[in-house]
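Chemist: The residues making up each chain are set out below.
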Amino acid sequence: MLGEILENVRSKSPLIQNITNYVTANDCANITLACGGSPTMSDGEEEAEEMGRLCDGLNINMGTLHPRSVKAMLLAGKSAGSCGHPIVLDPVGAGASTYRRKTAEQLLREIAFTAIRGNISEIKTIAGGGNSSKGVDADAADAVTDENLEKTITFAKDLSKKTGAVIAISGAIDIVTDKNHTYIIRNGNPVMAKITGCGCMLSSLAAAYLAANPDRRLEAVAAAVISMGLCGEKAFEKMESERRGNASCRNYLIDEVYHLTGSELERGAKYELR
Amino acid sequence: MLGEILENVRSKSPLIQNITNYVTANDCANITLACGGSPTMSDGEEEAEEMGRLCDGLNINMGTLHPRSVKAMLLAGKSAGSCGHPIVLDPVGAGASTYRRKTAEQLLREIAFTAIRGNISEIKTIAGGGNSSKGVDADAADAVTDENLEKTITFAKDLSKKTGAVIAISGAIDIVTDKNHTYIIRNGNPVMAKITGCGCMLSSLAAAYLAANPDRRLEAVAAAVISMGLCGEKAFEKMESERRGNASCRNYLIDEVYHLTGSELERGAKYELR
Amino acid sequence: MLGEILENVRSKSPLIQNITNYVTANDCANITLACGGSPTMSDGEEEAEEMGRLCDGLNINMGTLHPRSVKAMLLAGKSAGSCGHPIVLDPVGAGASTYRRKTAEQLLREIAFTAIRGNISEIKTIAGGGNSSKGVDADAADAVTDENLEKTITFAKDLSKKTGAVIAISGAIDIVTDKNHTYIIRNGNPVMAKITGCGCMLSSLAAAYLAANPDRRLEAVAAAVISMGLCGEKAFEKMESERRGNASCRNYLIDEVYHLTGSELERGAKYELR
Numbered sequence: 001m002l003g004e005i006l007e008n009v010r011s012k013s014p015l016i017q018n019i020t021n022y023v024t025a026n027d028c029a030n031i032t033l034a035c036g037g038s039p040t041m042s043d044g045e046e047e048a049e050e051m052g053r054l055c056d057g058l059n060i061n062m063g064t065l066h067p068r069s070v071k072a073m074l075l076a077g078k079s080a081g082s083c084g085h086p087i088v089l090d091p092v093g094a095g096a097s098t099y100r101r102k103t104a105e106q107l108l109r110e111i112a113f114t115a116i117r118g119n120i121s122e123i124k125t126i127a128g129g130g131n132s133s134k135g136v137d138a139d140a141a142d143a144v145t146d147e148n149l150e151k152t153i154t155f156a157k158d159l160s161k162k163t164g165a166v167i168a169i170s171g172a173i174d175i176v177t178d179k180n181h182t183y184i185i186r187n188g189n190p191v192m193a194k195i196t197g198c199g200c201m202l203s204s205l206a207a208a209y210l211a212a213n214p215d216r217r218l219e220a221v222a223a224a225v226i227s228m229g230l231c232g233e234k235a236f237e238k239m240e241s242e243r244r245g246n247a248s249c250r251n252y253l254i255d256e257v258y259h260l261t262g263s264e265l266e267r268g269a270k271y272e273l274r
Numbered sequence: 001m002l003g004e005i006l007e008n009v010r011s012k013s014p015l016i017q018n019i020t021n022y023v024t025a026n027d028c029a030n031i032t033l034a035c036g037g038s039p040t041m042s043d044g045e046e047e048a049e050e051m052g053r054l055c056d057g058l059n060i061n062m063g064t065l066h067p068r069s070v071k072a073m074l075l076a077g078k079s080a081g082s083c084g085h086p087i088v089l090d091p092v093g094a095g096a097s098t099y100r101r102k103t104a105e106q107l108l109r110e111i112a113f114t115a116i117r118g119n120i121s122e123i124k125t126i127a128g129g130g131n132s133s134k135g136v137d138a139d140a141a142d143a144v145t146d147e148n149l150e151k152t153i154t155f156a157k158d159l160s161k162k163t164g165a166v167i168a169i170s171g172a173i174d175i176v177t178d179k180n181h182t183y184i185i186r187n188g189n190p191v192m193a194k195i196t197g198c199g200c201m202l203s204s205l206a207a208a209y210l211a212a213n214p215d216r217r218l219e220a221v222a223a224a225v226i227s228m229g230l231c232g233e234k235a236f237e238k239m240e241s242e243r244r245g246n247a248s249c250r251n252y253l254i255d256e257v258y259h260l261t262g263s264e265l266e267r268g269a270k271y272e273l274r
Numbered sequence: 001m002l003g004e005i006l007e008n009v010r011s012k013s014p015l016i017q018n019i020t021n022y023v024t025a026n027d028c029a030n031i032t033l034a035c036g037g038s039p040t041m042s043d044g045e046e047e048a049e050e051m052g053r054l055c056d057g058l059n060i061n062m063g064t065l066h067p068r069s070v071k072a073m074l075l076a077g078k079s080a081g082s083c084g085h086p087i088v089l090d091p092v093g094a095g096a097s098t099y100r101r102k103t104a105e106q107l108l109r110e111i112a113f114t115a116i117r118g119n120i121s122e123i124k125t126i127a128g129g130g131n132s133s134k135g136v137d138a139d140a141a142d143a144v145t146d147e148n149l150e151k152t153i154t155f156a157k158d159l160s161k162k163t164g165a166v167i168a169i170s171g172a173i174d175i176v177t178d179k180n181h182t183y184i185i186r187n188g189n190p191v192m193a194k195i196t197g198c199g200c201m202l203s204s205l206a207a208a209y210l211a212a213n214p215d216r217r218l219e220a221v222a223a224a225v226i227s228m229g230l231c232g233e234k235a236f237e238k239m240e241s242e243r244r245g246n247a248s249c250r251n252y253l254i255d256e257v258y259h260l261t262g263s264e265l266e267r268g269a270k271y272e273l274r
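Protein chains in written order, with our numbering: chain A, 1 to 274; chain B, 1 to 274; chain C, 1 to 274.
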């Protein structure tokens with residue numbers, strides 16, 4: 001089933017509109033191409049309504065916010081939503097400033113997101129519970145572990161109920177859940193926290209997977225998370241064997257997505273579905 | 001002659017002002033350095049007039065438009081034009097939104113471009129004929145083939161007559177033409193459509209080649225297109241032999257431009273001049 | 001001592017707020033991660049005051065200026081300054097336009113910088129003396145050589161006295177000085193001038209090194225400059241042995257920072273302290 005989800009992306013080549021930050025936009029575009037999607041990148045409010053309508057999926061990323069891009073997010077989010085296109089929210093650094101927190105609240109109020117993906121600190125901020133964070137990284141005290149796994153799943157399910165969105169929490173253990181079912185995913189590698197934009201790239205990927213698999217939302221997001229983690233593992237191996245560092249590893253990660261097949265994804269996936 | 005054009009870029013190191021998008025700006029800067037040019041990147045209207053005047057060549061790219069950058073384009077375009085500096089237009093996604101279409105029209109009305117480079121759907125939009133496109137990629141139905149080659153050349157020549165610009169159409173077959181003569185170029189590799197910004201990078205390259213060869217406009221643009229295609233071929237070979245993907249291929253492409261010599265360019269060029 | 005400075009960055013993982021350009025932001029974020037820091041990238045005036053307060057160090061880079069980002073720089077600079085956080089200024093292309101020159105003047109008037117890092121032409125512009133420059137590259141006539149070394153050191157010391165900042169001048173010979181002591185550094189490789197953003201990345205690195213070593217300002221900036229030069233040398237060797245070009249070299253440079261140890265830094269450093 002995971003493999004089929006990826007293959008649908010490659011065969012349908014969905015058009016993914018990314019309203020995203022200027023730091024990782026290039027990597028987001030290249031990973032969207034790597035998985036078989038067709039990216040457009042633009043934060044102009046002048047074309048946001050139209051782009052939201054014409055795309056197959058929309059990815060909204062809060063990495064480098066400004067009032068104009070927020071307007072574009074709202075316009076594109078509403079038009080994409082009214083057309084039934086899936087919409088992903090990546091609340092980058094939601095707890096890092098008051099402006100980000102308030103913007104996240106506004107986006108959640110005005111747009112019906114299909115999926116929300118972030119690290120645990122970002123997702124806690126979204127849920128209104130947490131306000132600790134250090135920049136754009138998760139607070140170590142928040143980390144999802146085997147000890148707090150049950151509690152975190154319950155928290156994520158509740159947030160899914162409240163928002164109607166699939167919730168994806170990235171970390172050493174990844175959680176992807178809707179109100180009923182949960183994927184607990186153990187793919188990935190710690191080096192990914194040393195590559196800027198791994199989260200952003202994953203959100204672009206999730207938008208592409210969702211757009212090509214509109215009727216399997218939970219599975220599509222889980223497949224994106226597993227793809228990213230698996231490709232991160234492979235990229236790390238290549239990095240180690242060639243004595244590279246985080247910059248080359250970023251390229252290898254996208255390279256691995258470029259070559260990933262459905263059957264490899266099936267074989268490499270490490271998850272439990274509850 | 002192609003080789004001499006490249007060598008002029010390396011010896012003169014022209015200063016190329018790029019008003020471009022935030023997605024591929026880094027790659028555009030690095031490829032400009034790779035070919036021997038000196039890039040400046042800025043979209044501030046506060047300095048646009050001055051930058052247009054002080055540069056040796058100007059590259060205007062519509063990738064991530066907003067009203068401020070459009071003002072910068074108009075100011076820089078006019079000052080560069082009045083100083084006789086070559087100006088390239090890359091109408092990224094010209095048909096993807098009304099805002100882009102209208103902006104392209106305005107730029108063409110107010111600036112005398114030396115060259116216009118885009119995919120076939122973008123160039124058709126520029127010509128006022130086409131309005132089909134899917135995001136920033138060319139519509140498959142528009143693709144230049146051996147079957148419609150004659151018709152496409154006539155179309156491009158007409159557009160060159162109308163605009164006074166060298167017209168470069170990128171695709172499996174590249175066409176570079178003025179009102180009299182046409183280069184039909186068969187360098188390149190399909191992987192280039194899987195690397196974000198190949199078009200953007202080519203436009204930066206064209207601006208550098210033009211700035212260093214102001215009296216040979218058609219040849220300069222053709223040499224840039226051939227250089228890009230040839231380096232794309234070499235990068236693809238390296239990607240394949242090392243089992244990499246599109247992200248590494250992007251680096252290899254710029255690397256190849258860095259090492260390209262005039263004689264290699266002569267030897268590797270696959271074109272017909274009519 | 002140099003080694004200890006790097007190790008402090010790795011152990012303390014300072015949060016570095018970068019208000020920087022959209023051309024090299026990704027590389028700046030990845031090199032900050034590579035050295036052990038935690039980068040945030042944002043130019044929103046809406047959150048600038050708060051980000052300046054919450055960070056451990058601030059890096060202000062003039063690469064792609066616009067009035068909104070200038071406001072963010074002023075707000076963040078003041079709040080970071082009032083909290084005692086180190087602040088780096090990278091006056092990219094300070095002499096390339098009137099707008100940049102005036103903005104640099106305003107920033108220097110209103111913010112107490114801990115360090116100012118640029119090429120010789122940029123630093124001369126900052127000092128009010130020079131106005132020759134070609135885009136963002138140093139004017140060849142300005143280059144620091146063994147012949148004009150004494151004069152340049154005196155000039156840089158005077159600027160340090162005037163501004164209270166550590167002055168770092170990048171070039172074939174690097175100078176890092178306060179009003180009393182000077183590091184004359186001979187690490188580095190000419191290929192670094194062919195990689196966009198080497199200066200920007202160094203300034204991000206300097207901000208991280210300063211934030212983790214607040215009581216050794218001169219040494220921290222010198223250690224950052226030496227780290228960058230040494231990693232540039234190693235990256236060049238790798239580039240040559242693998243027949244790559246400037247784009248791969250950029251990745252290798254960041255990779256080398258990722259792996260750099262304190263003892264390697266000590267061993268590879270080529271400098272004289274006066």
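These are calculated hints, taken from the structure and not from any lab test. Incorrect hints may have been included.
Copies of one chain are not kept apart here, so a pair can be met inside one copy or by any two copies together.
BS3-like, lysine-lysine: derived pairs with alpha carbons at most 30 Å apart [said to hold, decoys possible]: (1) LYS194 - LYS12; (2) LYS194 - LYS270; (3) LYS78 - LYS238; (4) LYS234 - LYS162; (5) LYS71 - LYS102; (6) LYS194 - LYS162; (7) LYS162 - LYS102.
As the structure is a prediction and not an experimental result, all values here were calculated from the model.
Chemist: Check each numbered hint from earlier against the structure, then list the numbers of those it violates in ascending order.
Modeler: Per hint list: 3, 4 and 6 violated.
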